[in-house]
Amino acid sequence: NAGVTQTPKFQVLKTGQSMTLQCAQDMNHNSMYWYRQDPGMGLRLIYYSASEGTTDKGEVPNGYNVSRLNKREFSLRLESAAPSQTSVYFCASSEAWGSLDQPQHFGDGTRLSIL
Amino acid sequence: TQLLEQSPQFLSIQEGENLTVYCNSSSVFSSLQWYRQEPGEGPVLLVTVVTGGEVKKLKRLTFQFGDARKDSSLHITAAQPGDTGLYLCAGAAGNNRKLIWGLGTSLGVNP
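From first to last, the protein sequence lines stand for chains E and V.
For the first sequence, the working numbering assigns the number 115 to the last residue and increments by one with no breaks.
For the second sequence, the working numbering assigns the number 111 to the last residue and increments by one with no breaks.
In isolation and in its complexed conformation, chain E is listed as follows (with noise of 0.2 angstroms):
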């Protein structure tokens, strides 16, 4: 059982370098979401997607975008690193939006460091 997967698991970059974070789940989820988790500042969601189709900025949008690939895929992407981007990143899905006591389920992290 695969769950949510997300590739690559380490990255280094320089600043001012561009990478796309990928993210698949083979649960048929229709919400993903993207987040970033900093010490002393805890999990942030940067995007969300509610279902295939639609994208929606979530607290810390700035300086990223994302593409709903289809219902399985959804990318993270840095156009221009900078070191403020150093974090671990995770990606995770979700039955639906909105429903009252759905779980989220977690990919392992992305680690980005930013030189």
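Because the hints were derived from the structure by calculation, they are not lab data.
Don't take each hint at face value.
Simulated pairs of lysine-lysine, DSBU-like, Cα-Cα distance not exceeding 30 angstroms [to be verified]:
(1) LYS57/E to LYS98/V
(2) LYS98/V to LYS70/V
(3) LYS98/V to LYS57/V
(4) LYS9/E to LYS70/V
(5) LYS71/E to LYS57/E
(6) LYS57/E to LYS70/V
(7) LYS98/V to LYS71/E
(8) LYS56/V to LYS70/V
(9) LYS14/E to LYS57/E
(10) LYS98/V to LYS56/V
(11) LYS57/E to LYS9/E
(12) LYS70/V to LYS59/V
Here the structure is a predicted model, which means the values were calculated and not measured.
Starting from the known structure of chain E, arrange chain V on it as the hints suggest.
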């Protein structure tokens, strides 16, 4: 801005001890979830509480949702090293049921 405050931030105890961690807010939540995150992994859901005053048990873990649905607690009986991890609470609020996350309680259980 809705906030979820978790306390304590850090907790280090010996195997066999009991502990309680708290998740508090001034806002009312439709439901509240507890997750555990182990190093190098993503959070994993432990339980969801929905009704004010609700108590749920998961083996040695007891979860309670406050009567007013503004707070929750997690009690662990006879802690074991396998309980070590970051415990996160997340509340669903507002018409769109957006999740509000606490910063977590980092628990270490020493053998």
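Taking the hints in turn, this is what the structure says about them:
1. LYS57/E to LYS98/V: Holds. LYS57/E to LYS98/V sits at ~12 angstroms (cutoff 30 angstroms).
2. LYS98/V to LYS70/V: The given pair, whose Cα atoms are some 15 angstroms apart, holds under the 30 angstroms limit.
3. LYS98/V to LYS57/V: Holds, because 25 angstroms separates the two Cα atoms, which is no more than 30 angstroms.
4. LYS9/E to LYS70/V: violated, 36 angstroms
5. LYS71/E to LYS57/E: holds, 18 angstroms
6. LYS57/E to LYS70/V: Judged against 30 angstroms, a Cα distance of about 26 angstroms means the pair holds.
7. LYS98/V to LYS71/E: holds, 20 angstroms
8. LYS56/V to LYS70/V: holds, 17 angstroms
9. LYS14/E to LYS57/E: Roughly 25 angstroms between the alpha carbons, so the hint for LYS14/E and LYS57/E holds.
10. LYS98/V to LYS56/V: Holds. LYS98/V to LYS56/V sits at ~23 angstroms (cutoff 30 angstroms).
11. LYS57/E to LYS9/E: holds, 24 angstroms
12. LYS70/V to LYS59/V: At roughly 25 angstroms apart (the allowed maximum being 30 angstroms), LYS59/V and LYS70/V satisfy the hint.
Comparing the model with each earlier hint shows a violation of hint 4 alone; every other hint is respected.
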